[in-house]
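J.: Next come the chains, spelled out residue by residue.
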Amino acid sequence: MQDWGTQKRVFAAIATAPILWLFTFFVIPLAVLWAYSFGRNVGLTEIDISGTFANYARAIEPLYIAIFGKSVAVAALTTFICLIVGFPVAIAITFAAPKWKPWLLLGIMLPFWTNLLIRTYALMTVLRGEGYANQSLGWLWNLSSNARVVLGLQPLGAWEPLHLLYNNFAVVLGLVYVHLPFMVLPLYAALDRLDRSLIEASLDLGAGHLRTLLTIVAPLAAPGIISGVVITFIPALGAYLTPDLLGGTDSQMIANVIERQFKRANDWPFGSALSFILMYATFIMIAWQASRERKLKREEA
Amino acid sequence: MDKMSLLRESIMGRRSLLQGLGAAAIGISITGGLAACSKGEEKKSASGEEPKLNFYNWDTYIGETTLDDFKQAAGIEVNMSLFATNDELFAKLRAGNPGFDVIVPSNDFVERMVKADMLMPLDHAKIPNFKNAAPAFTDVPYDPKRAYSMPYTWLVLGIGYRKSKMKGPIDSWKVLFDSDEYKGRIALLSEAGDLFRLSAKYKGHSVNGLNKDIIAEIEAMLKKQKANVKAFHEDNGQDLLLSGEVDVVLEYNGDIAQIMKEDPDIDFVVPKEGSQFNSDNLAIPKGAPHPENAHAFINYLLDAEAGKKISETILYPTPNAAAKALMPDDYKNNPVIFPPAAILAKCEYASYNAELQPLYEEAFTRIRAD
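Chains as they are written, first to last, in the working numbering: chain A, 447 to 747; chain B, 5 to 374.
It is worth saying that the hints were derived from the structure and are not from the lab. C-beta: ideal position from N, C-alpha, C; glycine also. Misleading hints may appear alongside valid ones.
Residues of chain A clear of chain B, computed beta-carbon distances all greater than 10 Å [to be verified]:
{"id": "1", "residue": "Phe-457"}
{"id": "2", "residue": "Thr-462"}
{"id": "3", "residue": "Ala-477"}
{"id": "4", "residue": "Ile-495"}
{"id": "5", "residue": "Ile-506"}
{"id": "6", "residue": "Ala-522"}
{"id": "7", "residue": "Ala-579"}
{"id": "8", "residue": "Trp-587"}
{"id": "9", "residue": "Gly-598"}
{"id": "10", "residue": "Tyr-612"}
{"id": "11", "residue": "Ala-635"}
{"id": "12", "residue": "Asp-641"}
{"id": "13", "residue": "Asp-696"}
According to the in silico footprint, chain A covers these stretches of chain B (three or more CB under 8 Å from chain A) [stated by the list, open to error]:
{"id": "14", "segment": "113–120"}
{"id": "15", "segment": "191–200"}
{"id": "16", "segment": "229–240"}
{"id": "17", "segment": "244–258"}
{"id": "18", "segment": "360–367"}
Put together the whole structure using the sequences plus the hints.
T.: This is how it looks when you write it as structure tokens:
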């Protein structure tokens, strides 16, 4: 492989456009936002960038720290469930027959073809009081009630629909549903590269399946697990649509608070400060991932 | 009104999120095209401007054929793009007008935009159809003498409810804000300002008479009430009510009137304590490229026949008395669309208050975090 340093002109030709793009549409707006976070509102449309830390001071008040805490907890739970559910799926795809693999991967990616908002509304029609989930459960309930009558037992009471929507359960379910592909794909990428003879050796030498999974497969797939965790956790932490639409009265996450600062509260400086605290947390996560990966590489070497 | 139910089924309402998405996409494509449009052919209309107009409107908020009719009548082609919330409108114009001629801000935003010097004063001589406006809308507190805006529609907040599930007559905000009678069957609008102002109304204050103490008192009441509330909705309360998810919602009369056509078990009341009016208005932002056309268009929308066609489609209460007179009885005499005058007398417009708005928002954040 050629080093980019030896082909500077080619590299420049290819990289200029994306770098300009990134600079104009990502770095500059972000810098403006960062500057706003040290400002204050003057009048309705003007922001005076005075270098104040008041926005950050307000952002670390207990109220907002508690909301950050809750968001982290929800995102962590989401990531954990995604990992538990996603790992077997990734293993299944890895060991599927080659002609099935592309189809299974397509199945994982298919939801991306539909907009998040549409999928969330679809989930709402499934979960609501008179939605498909409750209708199916009610039907099963009535069926078993009738079966009891046939068997000469007391029938069951009337079916009470479960509260599946507008609570924290719905938020976590929605987040898991949305973020599962982010977990499965890097896991699959890591597992697919795995040397299968190691697994065979482990099984041959007397380790059970569970032990092989935990002591052989999991450590070897660690880079995939870490990237999966990071790219699931970060968007889940910043989720705003899901808690807005599926959540109950206590399901607000930090992104909802940030959104309100930019819109209804018209307090861009404070919204910027909250966003940047979230961004710093994200950078720390990514730095942690990078250092873990470096460490793993060193151990390998 | 099959069209209406079709719209409803595709989860539409004036301010629903889904539309917001479409609106954003359309907004981008159309504003992107604006620059190109204005450079186009230099054919002049009667006004001396090129025959174009850029209209920034809410979704499903214009008559089916209104824009075509206007083109026929005046030869001006209207380019409509859509916004989903006042905040979006404000944010788009905040850094300068990207080329819009006519916008439709709500009352508090008319106030806010006038304060921020974002609107152009209207030339009433060019809007003779202003005479069609009902007297209640010709001089309003948020825009004295209608210097900057013309009335387009109005709405009032109240309680939408499912009749068969009610344990007694519904006539007070108490059922929403201060009672466990309908525990778990309540949905409130997630607009901090509206929630606090209406709670103040329940407690006997004016919607413009809040202060820190009242806000604290209301915060405590709503924190307590939160246990009884199922959801804070994003102005889709009518969907929650129609799907049976909740039995009482805080919503706008126009939204509930739309679903009452589908489900006769639903009704709406403006509580006896009074409520808050909202009104959407036609205005011309500063820097509009076609101010003459904009005046002509606003004048056309205030025409009786054109106004009737708009009301037939959108079913919101119209402030246009001449248009209302042309409407069928089931609209004119509908007590949901036009609540009784005695109740309306207790309703007020909320004026924009830059000091209190952040307090409402922070208190609401605390309520939700509690």
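J.: Has the segment 191–200 of chain B got at least three residues whose CB is nearer than 8 Å to a CB belonging to chain A?
T.: holds (count 3)
J.: With a C-beta cutoff of 8 Å, work out whether three or more residues of the segment 229–240 of chain B approach chain A closely enough for the coverage to hold.
T.: holds (count 6)
J.: Measuring Cβ to Cβ, find out whether Thr-462 (chain A) lies farther than 10 Å from everything in chain B.
T.: holds (24 Å)
J.: At a Cβ distance under 8 Å, does chain A reach at least three residues of the segment 113–120 of chain B?
T.: With 3 residues close enough to chain A, the hint holds.
J.: Please check whether the beta-carbon of Ala-522 (chain A) is more than 10 Å away from every beta-carbon in chain B.
T.: holds (18 Å)
J.: Checking the smallest CB distance to chain B, is Asp-641 (chain A) really beyond 10 Å?
T.: The assertion about Asp-641 (chain A) holds, with a minimum of 46 Å to chain B.
J.: Using Cβ atoms and 10 Å as the threshold, tell me whether Ile-506 (chain A) really stays out of contact range of chain B.
T.: holds (15 Å)
J.: Any Cβ of chain B at or closer than 10 Å to Ala-635 (chain A), or is the non-interface label fine?
T.: Consistent with the label, Ala-635 (chain A) stays out of reach of chain B, its closest Cβ about 31 Å off (over 10 Å).
J.: Against chain B, does Ala-477 (chain A) keep a CB gap of more than 10 Å to every residue?
T.: Ala-477 (chain A) is indeed farther than 10 Å from all Cβ atoms of chain B, at 16 Å.
J.: Could you check that no beta carbon of chain B comes within 10 Å of the beta carbon of Trp-587 (chain A)?
T.: holds (18 Å)
J.: Against chain B, does Phe-457 (chain A) keep a CB gap of more than 10 Å to every residue?
T.: holds (32 Å)
J.: Checking C-beta pairs, does the segment 360–367 of chain B have three or more residues closer than 8 Å to chain A?
T.: Per the Cβ count (4), the hint holds.
Hints 10 and 13 from the earlier list are contradicted by this structure; the remaining hints agree with it.
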